[in-house]
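Please model the entire structure based on the sequences and the hints provided.
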Amino acid sequence: MSASPPAGFVEAVLDIVDRIPPGRVATYGDIAAMLGSRGARVVGQVMAYYGSDVAWWRVIRAGGHPPREHEDRALTHYRDEGTALIETPAGYRISPSARWHPEFADE
DNA sequence: CTTATGACGTCAT
DNA sequence: GATGACGCCATAA
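Going by the working numbering, the residue at position 9 of the first sequence is 13; the numbering climbs one at a time, nothing skipped.
Simulated from the structure, these hints should not be mistaken for laboratory data.
Glycine is no exception: its CB is placed at the ideal position from the N, C-alpha and C atoms.
A hint or two may mislead.
Stated by the list, open to error - Label-pair restraints from in silico Cβ distances:
1. Ala-52 with Pro-26: 21 to 31 Å
2. Leu-39 with Ser-8: 16 to 26 Å
3. His-81 with His-105: 38 to 48 Å
4. Ser-8 with Pro-93: 32 to 42 Å
5. Ala-11 with Ile-90: 28 to 38 Å
6. Pro-93 with Asp-19: 31 to 41 Å
What follows is the structure in structure tokens.
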């Protein structure tokens, strides 16, 4: 069987995702960096399993695209929250200005 | 310790 | 700009 998600990392990742204000997004790599690790994939594993309980659509890849299997579903949320999007011939991507930085957190 | 998996990242072509 | 390959981290068996 495939490796189950990192239980201990779960709460750490979910905590950060929960801090992302609406209309903003953070990349997997950034979140991993906040945890002091470079395990961008590990963050993804947590989201894949526990993401159902958090605003997973606020977590995107470095390229500005949402999860490969949920880009359509995420788009609905972005429009609902007014996230800055850039429309492209191939589809769309998240506006770089929409990227949330923990150091600029509004809390 | 080794192998396998993954909602990723970056570089090379 | 798209595709392929390797790297990276954490967990389970």
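Hint by hint, here is what the structure shows:
| no. | hint | in the structure |
| --- | --- | --- |
| 1 | Ala-52 with Pro-26: 21 to 31 Å | holds (22 Å) |
| 2 | Leu-39 with Ser-8: 16 to 26 Å | holds (18 Å) |
| 3 | His-81 with His-105: 38 to 48 Å | violated (20 Å) |
| 4 | Ser-8 with Pro-93: 32 to 42 Å | holds (39 Å) |
| 5 | Ala-11 with Ile-90: 28 to 38 Å | holds (36 Å) |
| 6 | Pro-93 with Asp-19: 31 to 41 Å | holds (38 Å) |
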